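K.L.:
Chain A is fixed; fit chain B onto it per the hints.
Protein chains in written order, with the numbering used here: chain A, 1 to 220; chain B, 1 to 687.
Please note that a few of the clues may not be correct.
Stated by the list, open to error - Computed beta-carbon distance windows for the label pairs:
hint	chain 1	residue 1	chain 2	residue 2	range
1	B	Gly89	A	Gly62	34 to 40 Å
2	A	Leu63	B	Arg398	41 to 47 Å
3	A	Gly62	B	Glu382	33 to 39 Å
4	A	Arg216	B	Val229	38 to 44 Å
5	A	Arg123	B	Asp501	25 to 31 Å
6	B	Val229	A	Ala47	55 to 61 Å
Hints in this document: simulated from the structure, not taken from any laboratory. All values derive from a computational prediction rather than experimental measurement. Where is the CB? At the ideal position from N, CA and C, for every residue including glycine.
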Amino acid sequence: MIGEMTLVLAGSREVSSVLVVDDEEDARRSYSWLISDLDLDPRLVDAPHPPSLEAFADRIPGLADAVLCDHHLRTHNYAQFNGAELVSLLYERVPAVLCTRWEERDIDEIRPYLDRIPALLRRTDEESLRRGLESCAREFVEGRPPSRRPWRTQVHVQEVERDTVYVNLPGWTSLHMFGLRHAAFPPHVRDALTEDLRLYAEVNLGAEAPEDVYFRAWTL
Amino acid sequence: MAGSAGHLRFAADILRRLGEELNPNIDQGIVELVKNAYDADATSCHVELVGTDAPGGSVRIEDDGEGMTEREVYDGWLVLGRSTKSTRGLTAKGRHPAGNKGLGRLAALRLGERAVLRTRPLSQPDREYEVWIEWAAYDGATLVEDVSIPIQNGPRASAHPGTSIEIEGLRDRVGRMEIKRLARALVLLADPFGDDPAGFNPTLGAEEYADLERLVSARYFPDAEYHLVAELDERGRAAVTVRDFRGEELFTADHAEFAQGRRYRAPPARLDFWVFLLSADVFRLRAASLREVREWLEQFGGVHLYVNGLRVAPYGNPGNDWLDLNLRRTQSPEERPSTNTSIGRLSVSDPDDRLMQKTDRSGLIEGEAFTELRDFAHDATEFLARRRMEVAERRRAREREQAGSRAGQQRQSLQDEIDRSGSKDRARLEPAFRRYDRARQLEADALRREVQLYRTLATAGITAATFAHESSGNPLKVIAHAVDAVERRARRATGQDSYADRIAEPVNAIRRAVDNLGVLSSATLRLLQADKRRATRVEVNEVVAQVLRTFDPFLRGRDVTVRVQYSPGTPYLRGSEAALESIVTNLLNNSLVAFERATSPDRRIDITTEIRGDLLLLVVSDNGPGIEGIGLEDIWLPGETTSVGGTGLGLAIVHDATSDLGGIARAVAHGPLAGAEFTIELPILGR
Chain A
1 MIGEMTLVLA
11 GSREVSSVLV
21 VDDEEDARRS
31 YSWLISDLDL
41 DPRLVDAPHP
51 PSLEAFADRI
61 PGLADAVLCD
71 HHLRTHNYAQ
81 FNGAELVSLL
91 YERVPAVLCT
101 RWEERDIDEI
111 RPYLDRIPAL
121 LRRTDEESLR
131 RGLESCAREF
141 VEGRPPSRRP
151 WRTQVHVQEV
161 ERDTVYVNLP
171 GWTSLHMFGL
181 RHAAFPPHVR
191 DALTEDLRLY
201 AEVNLGAEAP
211 EDVYFRAWTL
Chain B
1 MAGSAGHLRF
11 AADILRRLGE
21 ELNPNIDQGI
31 VELVKNAYDA
41 DATSCHVELV
51 GTDAPGGSVR
61 IEDDGEGMTE
71 REVYDGWLVL
81 GRSTKSTRGL
91 TAKGRHPAGN
101 KGLGRLAALR
111 LGERAVLRTR
121 PLSQPDREYE
131 VWIEWAAYDG
141 ATLVEDVSIP
151 IQNGPRASAH
161 PGTSIEIEGL
171 RDRVGRMEIK
181 RLARALVLLA
191 DPFGDDPAGF
201 NPTLGAEEYA
211 DLERLVSARY
221 FPDAEYHLVA
231 ELDERGRAAV
241 TVRDFRGEEL
251 FTADHAEFAQ
261 GRRYRAPPAR
271 LDFWVFLLSA
281 DVFRLRAASL
291 REVREWLEQF
301 GGVHLYVNGL
311 RVAPYGNPGN
321 DWLDLNLRRT
331 QSPEERPSTN
341 TSIGRLSVSD
351 PDDRLMQKTD
361 RSGLIEGEAF
371 TELRDFAHDA
381 TEFLARRRME
391 VAERRRARER
401 EQAGSRAGQQ
411 RQSLQDEIDR
421 SGSKDRARLE
431 PAFRRYDRAR
441 QLEADALRRE
451 VQLYRTLATA
461 GITAATFAHE
471 SSGNPLKVIA
481 HAVDAVERRA
491 RRATGQDSYA
501 DRIAEPVNAI
511 RRAVDNLGVL
521 SSATLRLLQA
531 DKRRATRVEV
541 NEVVAQVLRT
551 FDPFLRGRDV
561 TVRVQYSPGT
571 PYLRGSEAAL
581 ESIVTNLLNN
591 SLVAFERATS
601 PDRRIDITTE
611 IRGDLLLLVV
621 SDNGPGIEGI
631 GLEDIWLPGE
641 TTSVGGTGLG
651 LAIVHDATSD
661 LGGIARAVAH
671 GPLAGAEFTI
681 ELPILGR
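Okay, chain A solo, but in the shape it has when bound (with noise of 0.2 Å):
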């Protein structure tokens, strides 16, 4: 393509074409505009092939530089998994930014996939884009920033409610609660849960905002 350009992050990643992976043809059509008025290749998955998780992110790298996917991929019959699931397996393969409209119900269904998520877009601009692929580049070379560093800490369960355990951390700050799905846990930390329990995780207590918090390697 004429007038095509190689965005270099981290000093040495070249990208020169972006897969979009989002559920509707429009949308991944407006976000093509984005990535064409960087100067680089945009390239629109119509539908993940082949259809299962794993065997789609194995695929990812052969077919561009770096990756822009939406969290919702399944609304529109698209696919049977979601965006975060997604990237956070293409994690110190492809640089590959997430975007979100920011409902907290889309926060909690991300967190257990945060860790492996450096880049998380509520704003699809040509800055936080450039900006979000640099930071996955720079993750994947340099390792966390301190805001994304775990650290194991204690959590303090608030409420086990129907579907949602209700946690804080100590460590952090006890005034916000973390509503975290039964499936974000193992079984064997899942079956424990109760109101008032105190278990152990590592968590990145240097966040600076709740969204950005996740949770993993849980032990009781």
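P.N.:
Below, chain B without anything else, positioned relative to chain A:
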């Protein structure tokens, strides 16, 4: 004194006292011997009670375990208080030893006048040892060690290893209660399904108690309310049948209905899944008690996996819920079993080894065959849950119908009684009854209309939420991206100055409109957040501020000025955020609707929060036309409205939500701003 060493010795009588004090019940003594068989890795163990309904009967316990050598009899079986088995960790079959340190055995053996042990050790195929203990011999002895017990080496009665113990001349009778307790204990020791070649399968022979014999062989499966059988053939097609506890077929589905065209890429399998309704009502007429079934399910509940006839751990072990039964029950409790109310067996025939063990033997590799198999089992249990839900829904509909007709029957029977009463009473009662009946009918009609109204509004809410999801997703996103692209490209094509002069204004107008639309849809979604319906600490000023932030575009769009005066501090109460939000939202909506009924150059709403003792006063007043055309008491009634097309529910919700929070709602037709003034008094916990 000359030096001589003594040692502790035991009087013969100590045996009687030890035996009696350790094991007061006969059944517990017998169970101890059965546990010895379990610890000896037996797969079968038969307990036969003969003539035990009166003293003098006998008990025989015979197993096919590894037997004992002469040395093991001498150093283990005859040594009280120490068991070689209990000190060696797991048995060769990986069992945790269940017997105690040998004292229980003493108690058991002393149940009769004599005990006879015959044992054929696995390690000595030609030997059989026999030991007789005559307890009468101790009656004449001073010390325990004065009685010698020969270990005789005799001809082997069977080629197979094993041990039998006979206790003859029982001192007491063994009643039904003892045998029932024995049967229950045997079931708890047994492999739940009885067909694992490595499992432990005790059996009971008790004359006159055929039902207890059956309990040991059949376990508690006949007490299950539902028995599901789902079969998967070699071509990946599945079919399912569910029967009730009488064996009557309840639900069935062939492959097309069950799997909706899906073929499971897994080896052939059969799932047997039993679901128990653990309620006192259900068990009132059953032979087994609720407590014993619950105890059994606590130990064996969950779905166990067998591949080519062999049990695969850890699937179905306590704490292992590999089909997520408990999780799904938590998410949707109605008509779904947990691992404590169900037991299942998934038997897989896998001659081609499509299922592979992990190298550390901690289960199967979660490859395609395993996940497909799990899906099959999961779909089968879901099938049962869905069918049970349908039945429950039909039952509820029938109950509703019957409630109506029951009321009709009662009405008729009252009318009949009035007709039968004397003519004087009848003349007095009949008009009174008719008045009552009319009033009741009106009330029922009002309730029916209210329920219908709530249903309609709930549907409107669900539809609004669906649209809010959709619009805040793709259409608004595409518009925002398109506007960004127009701006970028226009700047490049026309230059910065020309863009600012000619294009920036309409582009910015589109952006503002998109932002406003985004706020509307996210406001709808925020109202529906599940955590707002939890009872928790609710900060009143924060909720008011949050609702006002959400409403800001509406209020600005309608030229409404809101003045807020918050109380000092952080007053809070315990309740749901949704309740307080409903109050504030509906009062704001009420004012917005009122403004449409009158023209006013400046529309104004004042909101104050004020702490008075243990109460918080939330006051909302406006400069609209006030409350006209309806009595102040009637404004809280559902369906009462003075607005054309209004639902009449807004203030009813304010009233109900205030009550839910333990407060009181009051209204003044014309307050300080001339329009309506509402005061909500809420008890607070702190400030």
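K.L.:
Taking the hints in turn, state whether each one holds.
P.N.:
Verification of the supplied hints:
no. : hint                            : result
1   : B:Gly89 / A:Gly62: 34 to 40 Å   : violated (53 Å)
2   : A:Leu63 / B:Arg398: 41 to 47 Å  : violated (57 Å)
3   : A:Gly62 / B:Glu382: 33 to 39 Å  : holds (38 Å)
4   : A:Arg216 / B:Val229: 38 to 44 Å : holds (41 Å)
5   : A:Arg123 / B:Asp501: 25 to 31 Å : holds (26 Å)
6   : B:Val229 / A:Ala47: 55 to 61 Å  : violated (39 Å)
The structure fails to meet hints 1, 2, 6 from the earlier list, while all remaining hints are met.
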